[in-house]
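Heads up: the sequence lines are chains X and Y, in that order. The first sequence maps to residues 1 to 108 in this note's numbering. The second sequence maps to residues 1 to 115 in this note's numbering.
If you are wondering where the hints come from, they were derived from the structure by calculation, not from laboratory data. C-beta: ideal position from N, C-alpha, C; glycine also. Since no wrong hints were added, every one of them can be taken at face value.
Not the full set, but computed from the structure, chain X residues with beta-carbon under 8 Å of chain Y:
| id | residue |
| --- | --- |
| 1 | R43 |
| 2 | Q45 |
| 3 | L46 |
| 4 | R49 |
| 5 | Y86 |
| 6 | N94 |
| 7 | M95 |
| 8 | T97 |
| 9 | G99 |
Keeping only pairs whose Cα atoms sit at most 30 Å apart, straight-line, the calculated DSS-like set for lysine-lysine is:
| id | chain 1 | residue 1 | chain 2 | residue 2 |
| --- | --- | --- | --- | --- |
| 10 | X | K65 | Y | K57 |
| 11 | Y | K11 | X | K9 |
| 12 | X | K9 | Y | K57 |
The following residues of chain X were derived to be distant from chain Y, with all beta-carbon distances above 12 Å:
| id | residue |
| --- | --- |
| 13 | L11 |
| 14 | E20 |
| 15 | S28 |
| 16 | G58 |
| 17 | N64 |
| 18 | T68 |
| 19 | S69 |
| 20 | P75 |
| 21 | E79 |
| 22 | D81 |
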Amino acid sequence: AQRVTQPEKLLSVFKGAPVELKCNYSYSGSPELFWYVQYSRQRLQLLLRHISRESIKGFTADLNKGETSFHLKKPFAQEEDSAMYYCALGNAGNMLTFGGGTRLMVKP
Amino acid sequence: DTGVSQNPRHKITKRGQNVTFRCDPISEHNRLYWYRQTLGQGPEFLTYFQNEAQLEKSRLLSDRFSAERPKGSFSTLEIQRTEQGDSAMYLCASSPMWTGNTEAFFGQGTRLTVV
Numbered sequence: 001a002q003r004v005t006q007p008e009k010l011l012s013v014f015k016g017a018p019v020e021l022k023c024n025y026s027y028s029g030s031p032e033l034f035w036y037v038q039y040s041r042q043r044l045q046l047l048l049r050h051i052s053r054e055s056i057k058g059f060t061a062d063l064n065k066g067e068t069s070f071h072l073k074k075p076f077a078q079e080e081d082s083a084m085y086y087c088a089l090g091n092a093g094n095m096l097t098f099g100g101g102t103r104l105m106v107k108p
Numbered sequence: 001d002t003g004v005s006q007n008p009r010h011k012i013t014k015r016g017q018n019v020t021f022r023c024d025p026i027s028e029h030n031r032l033y034w035y036r037q038t039l040g041q042g043p044e045f046l047t048y049f050q051n052e053a054q055l056e057k058s059r060l061l062s063d064r065f066s067a068e069r070p071k072g073s074f075s076t077l078e079i080q081r082t083e084q085g086d087s088a089m090y091l092c093a094s095s096p097m098w099t100g101n102t103e104a105f106f107g108q109g110t111r112l113t114v115v
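For reference, chain X alone in the conformation it holds in the complex (with noise of 0.2 Å):
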């Protein structure tokens, strides 16, 4: 079975701080992951997948296969940036298996 935890509910940092949100997998074929984001008011949307190894908004995100982690970062947060972030793990069947979120919160 497929799953995807997000140990932390909220996360709370100060602008211009660094920003880890964590994200743990479990799946026994090639993962194929995402970040999705959630901001006020808006749908979920894709911010970056882990094939096409970009940089969204700052954000990078890199897959360890040895650690089961798609960990997102960045290094000098945003107010803008404050958002739902959803990870997600994405199978043969193109359904996707979402973390329970992380409220990340940048304070001024």
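The hints should help you fit chain Y onto chain X, whose structure is shown.
For chain Y alone, kept in the frame of chain X given last:
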């Protein structure tokens, strides 16, 4: 707005009533998904269509739930004999088959409250 559209946005119903939600995906997207999200949780997969074929159903989808996508375009999700435990946000998502990955584009959801 050319994104995924869901109607209604909010629905309040009495326990035992039937409700139906509609999802209009992005027009060229072959794949359509339904998810349910309860307070404080991430979305949970319910079911998935490729064109008009329903290819996967979660065990969360009890016999009271049925989903259709008759012409491979819009989809409906019906809940019969609603229970208070059905109160949740119901999310629809779509994706194009050719992307080779599972990026999904989500609608804004239908919030169901069963009283």
